[in-house]
Each structure stands twice: as C-alpha cells, then as structure tokens.
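Visitor: Below are the chains, spelled out letter by letter.
2 protein chains.
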Amino acid sequence: MTGLLSIAGLGPGAEALVTPEVTAALADATDVVGYIPYVARIAPRDGLTLHPSDNRVELDRARHALDMAAEGRRVVVVSSGDPGVFAMAAAVFEALDADPARWARVEIRVLPGITAMLAAAARCGAPLGHDFCVLNLSDNLKPWALIEKRLRLAAEADFAMAFYNPRSKSRPEGFARALDVLKEACGDARPVIFARAVTTPEEEIRIVPLPECRPEMADMRTMVIVGSSTTRILPRDGAPVVYTPRSVDA
Amino acid sequence: MTGLLSIAGLGPGAEALVTPEVTAALADATDVVGYIPYVARIAPRDGLTLHPSDNRVELDRARHALDMAAEGRRVVVVSSGDPGVFAMAAAVFEALDADPARWARVEIRVLPGITAMLAAAARCGAPLGHDFCVLNLSDNLKPWALIEKRLRLAAEADFAMAFYNPRSKSRPEGFARALDVLKEACGDARPVIFARAVTTPEEEIRIVPLPECRPEMADMRTMVIVGSSTTRILPRDGAPVVYTPRSVDA
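Quick mapping for you: the protein sequence lines, in order, are chains F and G. Sequential numbering of the first sequence, starting at 1, is according to the working numbering. Sequential numbering of the second sequence, starting at 1, is according to the working numbering.
There may be inaccurate statements among the hints.
Copies of the same chain are indistinguishable here, so a pair counts whether it falls within one copy or spans any two.
As a list, the in silico DSBU-like pairs of lysine-lysine whose alpha-carbon atoms are at most 35 Å apart [claimed, not checked]:
(1) 142 / 183
(2) 149 / 183
(3) 183 / 169
(4) 142 / 169
Hints in this document: simulated from the structure, not taken from any laboratory.
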C-alpha cells in the first residue's frame, strides 16, 4: 500500500476526550480534511494543510481525501464524535466502493472517538445502561416512513433511544413528528434528555418528561436520549441522575 | 459535597484509546475499584490503593466505592469500554438509588470511554454507519423471552445490531438461540463480525455470513456485530471492509 488515510473521531468537543491515538495521527498528518467546524478544532502548524469543506459534500470530501492519500500524503479525515456513527467513515467507504481500483493501494484505518451519545449519557448518569437503539433522525438519506417504522418498533422493544441530528432549520417538522409518534407509542412520562453541545462551553442539558417535550427543545447540536419504560430519575443536590437499571424482572 | 467518585471507562484495551480525562482522574485517585482484569490495567504507585473484585459483585463493589468516597477519598471505579454501556455506571446509580441519603454528599461523575462496539466497528470499516441497536445478550438480569422479542423487533426494524456478552461458559445456549432467531428473522447472508479482544495483542476478527455462524465463534471477550440488510462487504488486499451505507432508498 502507498498512502495512508485515517478517519478519526475528535470526540464531542472537549480536548480531554480526544484519544491519544487520534492526537498522534493528527501530529503525523500532512493534510486534514473535514467539515468546517471540525477542522477548526485542529491547530495549524508547518507542514500541515487544512482542508475545511461545507456540510452535505461528504462524498466529494471523501474522494478528495482518498486522492491525496493515493499521492502518498498522510491524510486524516476528521469527524466529531466517532467517525463510524453517522459520520465520515461510511462516506469514505461508499466513495471507495464506487471505484475500488482507483484507491486500491491506499491504507485506510478508522480511529474511534467518544461519540455524542456516550458523552451525553455520562453527563446525566447512565440512561444507556440497558439495551438501546441509535437513530439518525435526518431524512436526507432515508425515507421518513422508515424512521417512523423504526421508532414504533423501538418503542415496542422498550429500547432506550439515542437520536442524532434530531432537527435542522431545513426540516424542522421531522422531530415534531418523531415526538408525536413516541408520545403515542410510549404513553408514559419517561424522561427525555436534551443534551446540547456536550462538553463544550455552550453545554446545556435539560431533562423533560416525554409528554412535555416540544420540538424546539432540540437543534442540530442536540443529542436526544429517550429513556425506556424502566429509566429512572434520581433527584440529587445539583442535577438529578437519569439511569436505566441493568435488570428487567421476568 | 465531600468526596468524589469517578466512574471511568478504560476503553477496549489499548492504552492509546484511554482518554486524557480518564488518565488524569487515575493520576489523582487515592483508590481504584473494579473487576480484577480491569484493575490489573492500572499501574500501582504510592498513595494509590487498588481494590480488585470478582465478577457479579457489582452492587457490593459500588457500595464500597461510594462509602470510600463519602469518607473523603478520591475513588475511581473502572470499567472496560464505556462505563455507561453494560458496565459499572448503572450499578453505582442502582446502589445509590437504594439508599440515597447515605451518599448524599458524594460528588459522582461519569467519564466516558471508547466502548467495545466502536472499537470493533472501527477495525472492520463502518458497520454501524446507519441506524443500529445495542443489546446485552446475557440473561443474568433479564428474561430470555425479552431478549428474543428484542432480536425479532430489531430484525423487523432492519437495524444493524451490536451484542455485548454474547456467550459465557455458564450459559452457552443463549447465543445459539439468538443465532437461530436471527437466521430465521433475517433470512439472508448478511455479514456478522466476531471481534475478540479488540485492540489487545490477542485481537482476532472474523467476518462470517449469518447462515454460517456457529455459537462457538463467540465467547465473553467477543463483540458481535450483525449487519443490516444493506450492510456491504468490500474486498480489499489484506482484510475486507464491512460497512453500512448512510442511505436507504425510498
């Protein structure tokens, strides 16, 4: 193989959550490629070229990164969180899959990161301490009907649920529909966590009973975690703890 | 508050995947509490007492850690992976919930880590690049009927699936039943990843079509990831890539 492409997760925001593996890859890189706000987290230095690009150009970005690696450069594609969870890793492999011979000699490795749901869960207690599911609520890349079907089945399975990309300016109605489905399918006051910009200075966390949830409580920087029927709220001085016990009785 | 209890994730095994936040908490600790093999990962030093304990004593361990923190010690409870995913965080909050006044003045924080499914997924490509669910296959703490129900609903939702604790010596039959359910419910040759001891020197990864999966391919150190109906295998020199595209067509 010639050329190296690393697809790295920067974690949710705090530097203390960037793994040493990712830090080492960035220190060794000649080029860093990614969405503008994520590339902005990388300190400039001699010998490193930063390639920020806009949202929704993931496949172009992936091809550009693969091409540079094929030329022998040491390229790091950065995502926030973990690159394998609704982020750049799948996009790079989609690009590769469409033209595998072109990049046959590029070594590709994925460097995991702390994905937003783990950071958000940690801030609140342990809401994902029992079985759960993880959905991207954006319908840019899948039909809304599939999202709704999955929400209903997840409620029937009594999974806790973690939602990425719950709501954007361009499609504000999706999350409203998701909440309506959940209110109908769950039918109780289970806790919902709205965790915005977790581990950054703008962090904001709200815990709201499902019937009181409103769509405008989320935006694209918000991670939403919906408890299962067994999820509990434990009041404490300061902030309450939200956790899902490990056990379910027979 | 007096006393500090940190519940920290050590990641899947490699030191390069331990976050700086966790490293700092360990450097500041007076006491480290956890399951024997996880505590064995902590280097002894003056001023630090290690408290390794056996498996299946999670609540005793949690109470011990809370008591020491209440005495003013700086205690770190360690889990492998992430403490919030089938690990010690929920156990600590269960203990707390049973007797909240006893530990009312202990500050508790959860420090996230790279959970096994993210590390396993990264080693293989991006199998969790689209919606997925996460199950603990152990029926120590929940009835088998619930596991089977969740597997069937997850297949109907066409989630990729990540399984923790697939198979132990004391209950080898559960994973065999899980595979039977999946073979029946999925009815195709989707890829299944058996990722054992990921990021350690004993790492072993196999990619097996679902109809050919056998129970003995997994043990308690194995993370199992089952692709969705859209998960693809991309042959490459060296190892193939397994990834789930971001898109599903309408």
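Visitor: Look at each hint and say if it fits the structure.
Guide: Right, here's what the structure says about each hint:
no.: 1; hint: 142 / 183; result: both (22 Å within a copy, 26 Å between copies)
no.: 2; hint: 149 / 183; result: both (14 Å within a copy, 22 Å between copies)
no.: 3; hint: 183 / 169; result: within (23 Å within a copy, 41 Å between copies)
no.: 4; hint: 142 / 169; result: within (18 Å within a copy, 41 Å between copies)
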